[in-house]
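The hints should help you fit chain B onto chain A, whose structure is shown.
These protein sequence lines are chains A and B, in that order. One point on numbering: in this note's numbering, the residue at position 128 of the first sequence is 138, and numbering is uninterrupted. One point on numbering: in this note's numbering, the residue at position 334 of the second sequence is 344, and numbering is uninterrupted.
Hints listed in this document are in silico derivations from the structure and should not be mistaken for laboratory results. Owing to the predicted nature of the structure, the values given are computational and were not obtained by experimental measurement. Misleading hints may appear alongside valid ones.
Pairs count within a copy or across copies, as identical chains cannot be separated in the list.
Here are the simulated DSBU-like cross-link-like pairs (lysine-lysine), alpha carbons at most 30 angstroms apart as the crow flies [unchecked claim]:
(1) 289 / 335
(2) 235 / 289
(3) 56 / 289
(4) 394 / 176
(5) 289 / 153
(6) 71 / 366
(7) 271 / 366
(8) 335 / 271
(9) 56 / 40
(10) 289 / 39
(11) 53 / 289
(12) 40 / 271
(13) 335 / 244
(14) 130 / 97
(15) 153 / 235
(16) 59 / 72
(17) 388 / 39
(18) 366 / 377
(19) 59 / 369
Number of protein chains: 2
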Amino acid sequence: MNPIRLLAVFVAGLVLGAQAFAFDGVVEKKILSLPSYTTLGGKTLKDVKVGYETYGTLNDKKDNVILICHHFSGTSHAAGRYADEEKSSGYWDTIIGSGKAFDTDKYFVVSADILANINKSTFSFTTGPHSLDPDTGMPYGMKFPIVTIRDFVNVQKSLLDQLGIKKLVVVAGPSLGSIQSLEWAAAYSDMVERVIAVITPGLEFDPLAIARIGIWSNPILLDPKWNGGDYYGKEEPSAGLAIALKLAFLNSYHWTWANEKFGHRWVSDGNPRDSWENKFAIEDFLDRVSAAGSTLVDANAFLFVVKAAQVYRVGHALTLQEGVKTIKAKVLLLPAQSDLAAFPIYAMRAAETLRKQGKAVDYAEIKGNGGHMDGLQKINTVDKLIKNFLSK
Amino acid sequence: MNPIRLLAVFVAGLVLGAQAFAFDGVVEKKILSLPSYTTLGGKTLKDVKVGYETYGTLNDKKDNVILICHHFSGTSHAAGRYADEEKSSGYWDTIIGSGKAFDTDKYFVVSADILANINKSTFSFTTGPHSLDPDTGMPYGMKFPIVTIRDFVNVQKSLLDQLGIKKLVVVAGPSLGSIQSLEWAAAYSDMVERVIAVITPGLEFDPLAIARIGIWSNPILLDPKWNGGDYYGKEEPSAGLAIALKLAFLNSYHWTWANEKFGHRWVSDGNPRDSWENKFAIEDFLDRVSAAGSTLVDANAFLFVVKAAQVYRVGHALTLQEGVKTIKAKVLLLPAQSDLAAFPIYAMRAAETLRKQGKAVDYAEIKGNGGHMDGLQKINTVDKLIKNFLSK
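In isolation and in its complexed conformation, chain A is listed as follows (with noise of 0.2 angstroms):
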């Protein structure tokens, strides 16, 4: 696999190619602009944009709306390609489409990136620590605000009100972006119809998800060239991010992933228990895909969104009881049956909160052996669920 293939599998999370069909029309990036958003945690940001693109058309009720929010390495960029000789497609381009299960002949589809996205290819148009301080003119590194799912989901809402939407028949996503479409229907629960959540974390990281997903950022703090965060126009702490983007990666995968793609295959003639130097097939592929996606991802967003998903708890309250009381939306949850980051018994676990508050749930489980990676890869295997439940 060459380089060029490499990064785009780990950006988009997807293995090329396994779409038969792309999104029709040649999609574009737009962009939000705020003169400022204040923070959950009430620091005040000036200035901020954040990248979106539609598909299909705004009808003139402006009542046939979806929102589609991004997964953790994910962008805006959910369906369709930016120009025909573009080799990938949006990463759920298989369920966003004419004739697909989010039907764009029939409704009118909006993907929005989160604040701090972690894809420098954002970098143009989406704030994050990257972005230059007004106040300053340089860049925020660590002194950006931290930023929490109902904050990706207040600017979400600013730019459904540019749009004057008022209404959404869903907002669905896959983990991060499940959890910022359980959010949304806390959060605005007079706007929110539905809510589809693929293989998510549930309605507050577990306890396990959070020491996990923590760990990820310790090889960026420990490189020296992240500087507490200081290093734009400098050396990047691209050993540690790559290591970070390493323990991210094989969290989405299955062990039948790995054994069918690389088995214990070595790269070369070199048996590795004879050299330090020889390595496994597996070891390699990540090597590689870690260094290529390091040149293409922030550090620092990197930190920011991690932290994001660890202090998520629906309705952003500080019980989940408290968190889950006003949501109206219906909702779907879909886990990937051999998640092995999600694991189905957090979706079990939200399915069984919200029906104790008397909530309307359906659950049910992408099958495969593809691990998290399921909810992207596998989605269109759920889309007749998914056509089904927007009926309802």
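Relative to the frame of chain A, chain B by itself:
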């Protein structure tokens, strides 16, 4: 929990006080000395020493011997206490002792360190990369030869030779100890009557496990103080090692442990969403336990044991079929039901491979929700199974 107890939890991999009964006698460390040992890779180490312990009495026929092999972070301290006032017992104390599954009234139990044992507590008696190379008078560091599971077994074989032991009733061990046990059955098939492989990675390290354990080493290599392994007598790569230990530690636990022990508690009054300094209790625990552990563990040895694990395939063979061929022992596989590291599927696969070649295999799962740790903490719950297997 005070630091000493934290350390003990880490190093022994045991929650203290879990054992109702300690081994009756006070145990002492013994030392095997070999003028030289030549590794499978063809490198000769001079003046090799390995610590070991014995419990019970060798009978006249020398045919009442049980060999115990330790896990990644363990030592040969499998049972008993060094002094009455010592608070913790050996890691499998609940099944080794008078009247227990490995009944010291009947059996002579031998437990030996592996070469390159990661614990500094073994430094005075077990050879590893910290040891002085007699040829140079300097610590080996990364010039220490790559050692494999077969090397660990061969050194143990030399120990048994010195003790005049030609037959083993059973070789048993948890995790890394389980693969030494299986390797024993392949390497010295006429000597080994039975194998008990607890929380086992199986007959070879699974590709996903190869990648997962491989990443543990990354933060050590990233730490500038690691300095190519040349840090003895200088500042040690404690920060990198602490992350490595944190990864290893967390790998052994289950979400139930995280939920029950920590939940979403914060360390102090500070909500983690309000500041980078505010930690969740589970993060604080892991930070403290890994920092404490980093003073007790050798970074280079850690790298060597990771390598040994990764390159393991039973029989030190190039194919699995070849590797299992010589095994004559009856095998009892005891995975832990809730293990998120050595998934039960790994033991199931081992059972399948062995049965296909006509080997005698028993399989049972250790019930519980303690993850990989149940191979230590809940081993007493399968003591009747073990007793029964020994009488087969």
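Run the structure past the numbered hints and jot down the numbers of the failing ones, going up.
The structure breaks hints 6, 10, 12, 13, 19; every other hint is satisfied.
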